[in-house]
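Residue numbers (numbering that gives the first Met the number 0), protein chains in the order written: chain B, 0 to 350; chain W, 0 to 218; chain V, 0 to 536.
Hints listed in this document are in silico derivations from the structure and should not be mistaken for laboratory results.
Warning: the hint list may mix true and false statements.
Covered, in the sense of this in silico footprint (three residues per stretch, anywhere, with C-beta under 8 Å from a C-beta of chain V), are these stretches of chain B [as the list claims (entries may be wrong)]:
{"no.": "1", "segment": "67-80"}
{"no.": "2", "segment": "223-231"}
{"no.": "3", "segment": "237-249"}
Calculated lysine to aspartate or glutamate pairs in the DMTMM-like style (CA-CA distance at most 20 Å, straight line) [stated by the list, open to error]:
{"no.": "4", "chain 1": "B", "residue 1": "Lys245", "chain 2": "V", "residue 2": "Glu334"}
{"no.": "5", "chain 1": "B", "residue 1": "Lys331", "chain 2": "V", "residue 2": "Glu242"}
{"no.": "6", "chain 1": "B", "residue 1": "Lys100", "chain 2": "V", "residue 2": "Glu41"}
{"no.": "7", "chain 1": "B", "residue 1": "Lys350", "chain 2": "V", "residue 2": "Asp61"}
{"no.": "8", "chain 1": "B", "residue 1": "Lys84", "chain 2": "V", "residue 2": "Glu41"}
{"no.": "9", "chain 1": "B", "residue 1": "Lys49", "chain 2": "V", "residue 2": "Asp336"}
Every residue gets a Cβ at the ideal spot worked out from N, C-alpha and C, and that includes glycine.
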Amino acid sequence: MKHGIFYGRSRTLLAQAAACAVLALSAGAALANEVAELRVLAHSSFTVPKPLLAQFEKDAGVKLRITKAGDAGEMLNKLILTKAKPIADVVYGIDNALAPKALAAEVLEPYAGAAAGRSSPVPMVAPLVSVDYGYVTVNYDKAWFAKSGLALPKTLEALTQPAYAGLLVVQNPATSSPGYAFLLATIGTLGEEKAFDWWGRMRANGLKAAKGWTEAYYTDFSRNGGKYPLVVSYATSPAAELFYAKDKPTEPPTGSLSLPGGVFRQVEGVALVKGGRSVEAAGKFIEFMRSASVQQQMQTEMWMFPAEAGVALADVMKFAPEPAGFSSPADKDIADKGPQWLARWTRVVLK
Amino acid sequence: MLELESVAKAWHPRRGERRELLQGISLSVAPGETVAILGPSGSGKSTLLRLIAGLETPDAGRILFAGQDITGVPPERRQCALLFQDFALFPHLTVQDNVAFGLVEQGLARAQARAQARDMLGRFGLERFALGRVWQMSGGEQQRVALARALITRPRILLLDEPFSALDTALRMQLREEFRNHIAAFHMATVWVTHDAPEARAMAGRGMLLEQGTLQPQW
Amino acid sequence: MLRAALHTRPAPGAVIRGLLAAVPLAFLLVLLIAPALRLLLEARATGTDAPGWSALWLPWQDPYLRHRLLWSLAQAAISCAASLALGLPLAWVLARLEFPGRAFLLRSLMLPFVVPTLVAALGVLALMGPGGLLARLGGPDLQGSPWLLLYGNLFFNLCVVVRAGAESLAQVSAARLGAARTLGASPWRAFWRVEWPAITPALMSALCLVFLYCFSGFGLALVLGGQAYATAEVEIYTLVAHELQLGQAGALAVSMMTLTGLVAMAYAALERRLATPARADRVLRRVPDGLWPWAGVLAAVAVWGLFCALPLLAIVWRAGLAGTGAGDVWAVLREEDTLQALWNTVRFSALALVLATVLGLLHAFAARRSLLLRALAYLPFVVSPVLVAFGLLLLYPGWTGSFWLLVVAYALLAYPFVAKSLAAALDSLSPRYGEAARTLGASPWRVFRRITLPLLATALRRGMAFAAAAAIGEFAVTLFLSRPEWATLSTLVYQRLGRPGAANLDAALVLACLLMALAFAAFVVIEWQAPEEAAHA
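Turn these sequences into a full structure, and let the hints guide you.
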């Protein structure tokens, strides 16, 4: 009978058989798990080359179960929410801006292993162990500025001038970690009142707020077809642009501005989760993240600088010089007033 | 063949309202006999047929086929064929598959069922439509196919719910003759529901009037 | 309801219906309602805002949140109206006229569902952004304007209205239409008096889906419109995911859900009341003869082109360009990551589709008589996905990152399409066929298999195609925790777009094309029809 959904009963049976086969395969994969599991929670940009991870699994004798939980802030919130029954044993990606919140929520466990003891150019408040660091800065599109003949801005104040009206796109600090970092940088240099005054004037001067880095960079940044030649991004982004360019240019098409009050040093760390299992394996993971091979290779994957002293920088990083200075409010202030600042930013810029 | 003992059925047009549609209906139909049931619209004629077919259950009373109480038996096991006013032929099947439907349900192999269906269509003079679709046929042809579909399964009783109401007068006269012949050829016990008195007299040996929920013998 | 059912049908029918309803309801309860409630409870427990019921009024008192809510309502309503205005003529042309490329047009209408939001934004901006086609032709740069937002909504949702309209127009009885014409009605009057009433139920449920999508929408509108035009759902997301302000989020979410719940019930009520049984004779499509029909075809193609095809073509074109020039970007298709992601997309979507079809079938059959159940079919779109995702974390921490949770989440977001499509078709299915079959000896199960299901086949297939599109396009499922080894093509696209660099952008576009091709193939397979049915479908 050739009609309707049972057009060829064999077709539905085939589909059912296929479904069962897939089910069996997936179930089989799950059952093959007799080794101990190490649950790692990370943000979506976590990338470590697979061979290194496989090597770690062999050396430590555990099976890695990595869970990506969105943006760093989202990830921390998920960790806080599930405090009573933690969903991971070790967490990577909490940065110095989020650390106060993590500490206040008491979701981390102290770690006393070797990596914590070693000195690092970018130490983090215990119990976090720093893994990498980067700088959130304002990037500019060289081609646009060359064409328009406008001089590059040298200070935050310059951005409020009519000449630079409608040129900057930032990310909403509530939903984006570089956005939050940039906000903190402005508060660090100008102080809270002057900073929000600046934000108010920027809003009047055509500031655009995007949801996250990807939206800002790929739909608003003039390099990718948008109309904003200034975007909040990382100091390493120009190097990445060069690395991923199609025709091999000699210098990056974008650059990073070191505006006073517009640079934030973001240090990311790894830590044990309070109440997690597999504490020993988790400790080994922390060592692994500070090992030379990971520190070297993750530079061109996650585009951050290594926290371990004495690790060579990748070649392409010479196009991403570290900014001379950076600013940030005191840790205590970030802990106390962080949510307030976010709410105020929303009021000043969005409402 | 068919016995109805004090069958009653109420109707609920709206919530809370209850109308006694059929009250204490008793009827018997002998094998090979055709009984006509007359009555105005809304008198419950269709409901009576649906009760006999098993599509609805009576509030009171019993229904017996050949002495057996079938009041709780589902329609598919009653061997009771029902013809509708709007033919109810299956649009997604060919005419031949429509006719073969009941045979397949009885367990016959599809090829065999189709062969028998073609034979049946031949008896009705409709073999040229065998592989066509039902909507390609006229009303009269469709009702003939419906009868063929019903008769091929050798039901114990044939129920017709105003089968010619949707057809024009000339066609009706022609079909009366044909249907009477087919029904006689199969020795079917038949209940014929209609609002057309001459048609009832022409088709049935016995006639009853359904009025105020009771059956009054007419002839 | 139960008592009435018991009187008009044999009692077992009600029991069976109860059992049928139990399965989808159990899914909804365990995986949608319970987590949402759990999160709201958590909000009550930790909330520092005014506790108690007065907290629910807060969103309406705060001007910012009120503005968000009203804006969400307004843009959803406008999008609904616009999609009806544009979609119905297109549907009519597709249903009544036969022209080359018709089937392709119908299928490609669903591709916007599948394309990852960001890629769609890139495509749209390639047309209407500052460097886009429109700007180059001297038109305005629409980026950041509410028009682009409306366009974004239409881009995604037009297909829902058009498919529903075309389906139901195809079911209009030719005899009735012919009767109207011979009785003196002009084609326009015949449309109003015969066709419009026949298609209203299906259109209503389609519009409801569109409204719910736009109202609680997250995706394209946000990217295109920017923060200024965010919907209330985005606020909830920000409050829950980023600020962990559960109290405020909870209050806002309850307001949203009340509104959407009311809309869903209203549509369900309208739909049931307007249902008319369909007849078997269908209007055949005809080849356009004369100027006006051809103009109609051209207009339909123009609408399709403008609101559906052009952004997709922009993506394909840019991906194609990526292949030329230095570096073989198409090599990304051969990478291990890509193949793994392709396999993941296929198996997740296939499993989700099977589950969604079963749930949809059960729900549609159980909901024939119950208004509440019909409205509940919209539940996955009424409940905020953020609440569900975070509630699941709280309620079932052991299930986090589990394979089956992900599949079920996909299925839950996809099955309303199947349920709605089937419900509309069931409404217009005459009970006569089933009754005739039963008197011919078919048990209820046999009736379902041999009569009901084949007669519902077209509607079922349409629902399944949409469900497949929703599963492949994976809307809010990214909120759930996921493992890298389960990365799908969409996830891979976002990963690529998480880093700067032209190579990453090109790779993302190529992957998006692969996704579109996969989806199109799925549509073709699902909606494959035997030739003799095609003319009448």
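Outcome, coverage of the segment 67-80 of chain B by chain V - at least 3 residues whose beta-carbon is closer than 8 Å to one in that chain: holds (count 10)
Cβ contact check, 8 Å cutoff: the segment 237-249 of chain B against chain V, three residues minimum: As far as the segment 237-249 of chain B goes, the hint holds, because 8 residues have Cβ atoms under 8 Å from chain V.
Would the pair lysine 49 (chain B) and aspartate 336 (chain V) pass a check requiring their Cα atoms to be no farther apart than 20 Å? Distance ~11 Å between lysine 49 (chain B) and aspartate 336 (chain V) Cα, so the pair holds.
Can the restraint linking lysine 84 (chain B) and glutamate 41 (chain V) be considered satisfied, given a maximum Cα separation of 20 Å? holds, 15 Å
Go check the segment 223-231 of chain B versus chain V for me, would you? Three or more residues, Cβ under 8 Å, otherwise it fails. It holds: at least three residues are needed, and the segment 223-231 of chain B offers 4 whose Cβ sits within less than 8 Å of chain V.
Straight-line Cα separation of lysine 100 (chain B) and glutamate 41 (chain V) no greater than 20 Å? holds, 19 Å
Pairwise hint evaluation, aspartate 61 (chain V) against lysine 350 (chain B), where the allowed Cα distance is 20 Å at most: holds, 11 Å
Hey, lysine 245 (chain B) versus glutamate 334 (chain V), does the alpha-carbon distance stay inside 20 Å? Cα-Cα ~18 Å, so holds.
Lysine 331 (chain B) and glutamate 242 (chain V) were given as a pair; does the straight-line alpha-carbon distance stay at or below 20 Å? Holds, at roughly 18 Å.
Hint violations for this structure: none, all hints satisfied.
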